[in-house]
Amino acid sequence: MAELLGTFEQSVLLSIFGLRGEAYGRAILNHVQKLLQRDVSAGAVYATLERLEARGLVSSRLAEGSPARGGRARRYYTVAGEGERALSETQRALTSIWKDVQLPIQEGL
Amino acid sequence: MKMPAHEPPRWAERILERLLPARARQVVVGDLREEYVEAMLPRRGKLRADMWYIQQVASFVPQFNQERGPMGMILSFVSWFTLASTCWLAVMEMLLRHAGYELRASMACGFAIICLATILVRMLRMGKRAERWLWVGAAVLIGFGGEAFVHNARADHFEGFVFVISLALMLQGALMLMTLGWPTPGNERWLRQAGQSQ
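Which chain is which? The protein sequence lines are A and B, in order. Just so you know, our numbering puts 50 at position 46 of the first sequence, and the rest follows in order with no gaps. Just so you know, our numbering puts 132 at position 130 of the second sequence, and the rest follows in order with no gaps.
Read the hints as simulated data drawn from the structure, not as lab findings. Built from N, CA and C at the ideal position, the CB exists for glycine as well. It is possible that some hints are incorrect.
[What the hints assert, rightly or not] Example chain A residues on the side facing chain B (calculated, C-beta under 10 Å, incomplete): (1) 22; (2) 25; (3) 41; (4) 43; (5) 45; (6) 47; (7) 48; (8) 69; (9) 74; (10) 84.
Please build the complete structure, drawing on both the sequences and the hints.
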């Protein structure tokens with residue numbers, strides 16, 4: 005079984021899914037903040053994107069930039085097949101771990 | 003030259019450009035500028051938008067340190083420690099004014115400048131030319147640190163703070179020498195990727 009994804013990695017991957025073809029750095033940053041309901045630093049998001057791309061879980065392409073960004077290019081991300089598999093495995097593992105747990109946690113579990 | 007009011011602080015943007023590897027530079031700077039102009043500035047106003055931008059720039063520092071490998075991280079930590087201790091030493095010398103304090107305070111300031119230069123040269127990727135001066139700085143730190151260490155060990159009255167600072171100076175110098183001659187795989191990887199994608 006592949007290594008399970010951390011919460012932040014899951015949020016970034018799910019944001020890329022949720023943004024449907026419009027997933028570039030700024031949009032992902034805002035979407036992750038919405039998902040986690042807290043402020044997130046750009047450094048953390050870009051470091052995660054770099055790590056996910058190095059692991060082959062996402063792929064990216066460059067596109068032209070708008071005047072608001074001084075003409076600087078945008079990098080759009082898509083979740084690769086490997087990324088979808090990793091998300092499914094993580095979801096399965098988490099569901100299985102939590103299956104028999106009732107909150108508040110009872111003693112002797 | 004006055005900076006246009008609708009742009010993020012130019013100095014912070016320059017630091018960000020220096021912190022980022024070639025592959026990510028344009029993309030990340032563009033993303034943050036877009037967020038600043040279109041969301042932060044209208045919603046929060048100039049001062050709070052600038053604070054947000056500076057906070058985002060700072061969030062790339064840990065990533066930069068990781069990229070330099072474990073040696074880079076240790077050097078960064080020791081540089082900040084030595085910078086703080088030499089500044090403290092200079093201030094104490096100026097306050098206490100024992101005999102010969104001018105020379106000792108000047109030396110402490112000199113060491114602090116070397117530490118600050120080390121941090122800036124590494125952080126702002128000033129290149130090989132600037133790094134050459136760090137070799138000289140490292141030799142100065144090891145020389146003076148070693149001299150202070152031996153002098154203190156032989157003295158009748160052992161000074162704990164001289165012991166700590168002389169050790170920090172020698173350690174900093176040794177780390178500087180090691181990192182200057184040490185390859186940085188993270189950076190080379192980034193440069194290779196930049197060559198492939200551009």
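*Hints broken by the structure, by number, lowest first?*
1, 2, 3 and 10
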